[in-house]
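Chemist: Listed here are the chains, written in short residue letters.
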Amino acid sequence: MQDSITNILKAIADPTRREIFHALVVAATALPITQISNQFDISRQGVTKHLKTLENAGLIKIHTQGRERFCYANPTPLKEINEWMKFYEQFWDNAIDNLGNYLDKKA
Amino acid sequence: MNDVITKEHIFKHSIDTVWNAITNAKEISTWFLEADFKAEKGYQYVFNSSGENCSPIKGEVKQANPYTLIYTWIVTETPIETTVKWALEKTEEGTKLILEHSGISNYHGETAVTMFNSFNGGWDNCISGLSSYLKQIVHAG
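Keeping their order, the protein sequence lines are chains D and F.
Going by the numbering used here, the first sequence opens with residue 71, and the numbers climb by one from there.
Going by the numbering used here, the second sequence opens with residue 6, and the numbers climb by one from there.
If you're looking for bench data, these hints aren't it; they were derived computationally from the structure.
Do not rely on the hints blindly, as some may be mistaken.
[Said to hold, decoys possible] Here are the simulated SDA-like pairs of lysine to any residue, each with C-alpha atoms no more than 25 Å apart in a straight line:
#1 D:K176 <-> F:K67
#2 F:K63 <-> D:N164
#3 F:K67 <-> D:W154
Looking at chain F on its own, in the form it has when it is part of the complex (with noise of 0.2 Å):
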């Protein structure tokens, strides 16, 4: 069994417009969760939700070089530290983002189960919640 999940995917944008979609605080605000983030080696950042009884991500940046964006994942409440890697690649239709989030064997059964629970109540909902909300906007728009 595998401790990686891997995400691949093209973006048909530039490999600048995808990198500050995913390192500028105010765009990760826009399409992820409201972020107080810097693209710079050892920031610590939080990303909240705006949901209520949603668990805030922590984490600290570990790289922040174009085109590599590296940082841990911390869900606040929870002492387990994983960690989400994204590279961008310049490809020519546009852009190739390869994402990983590792980390998973750090994780106990009893904190996963804890962990579970809560998502089940809020979290999985605020991110569903965030979903709807930009397809909103992009079809008001």
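Chain D on its own, in the form it takes in the complex (with noise of 0.2 Å):
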């Protein structure tokens, strides 16, 4: 289930995590751990059980340099849901119109 679109709902419930991903998808590029743990007021600790969440949902990247773990950000996911729900925004928006088109020409 680690790709599953809950744990993706759940990653980006949690307002710290929303900033970490933020801040590494306006950086476009890999960041070390160190300095994202640098930029937020929390341990080191914290910060990796974060990203963690965040790679299970898929939403970063890891992957260790020298003696230097960078992560990267990939909203892909993020685009699947929403064209899930622009699709079915749309469909119902159609099938509300049709059936009111429907009731009139009946009436």
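Two chains, two frames, some hints: make the complex.
Modeler: And the structure:
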């Protein structure tokens, strides 16, 4: 279930994780974990835990280079949720339009 | 981020007219999708589409008491179940519809991608096809 949308929704439900994710999106490049923890007023251990949750949701990727671990953002899973919502928003708008036309014609 | 899509709409028609339109198979087939449907709890319904390469929708009726209709919504060839709820309320102008489609969190990322690809190819067109078909009927009438 690691790639499930539940994980994504849970991952972005936490404000600190949203900030971390946002910082990585804005950086548009891989950032070392040390630098990320310096930006936030929480322990490195706390940041690592949040990063792990984001990684499980597929929202960030982590790779090791030398002694440092680097993170970068992967917003693709969010796009999937957004597209599902967009598709059904449109779908139900059309359906309700059709229902309205049908009822008007019947009356 | 929310797990539910909600739509509200007021129809200038009586609550029973709207209720029949969303529960009667013949009426559903006219404005929505070709339906094998009964407004009975436990009924396994199928919504087909007349277009090519369109995945049917199937599911089970969970509740069908005037004026609340709830059924599960499964796009064939995907194993994921979402839920559609139609609730009607009498208003001064006519009838208020509150439609809720929930369960997006049941989707796996990968399945979602497959689904969008198949929608882009055909299913989306099935719906717009239906829409223009109905407009033709309305204009002809």
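Chemist: Does each hint hold? Answer for all of them.
Modeler: Okay, the hints, checked on the actual structure:
no. : hint             : in the structure
1   : D:K176 <-> F:K67 : 28 Å, violated
2   : F:K63 <-> D:N164 : 19 Å, holds
3   : F:K67 <-> D:W154 : 23 Å, holds
In this structure, the one hint that does not hold is number 1.
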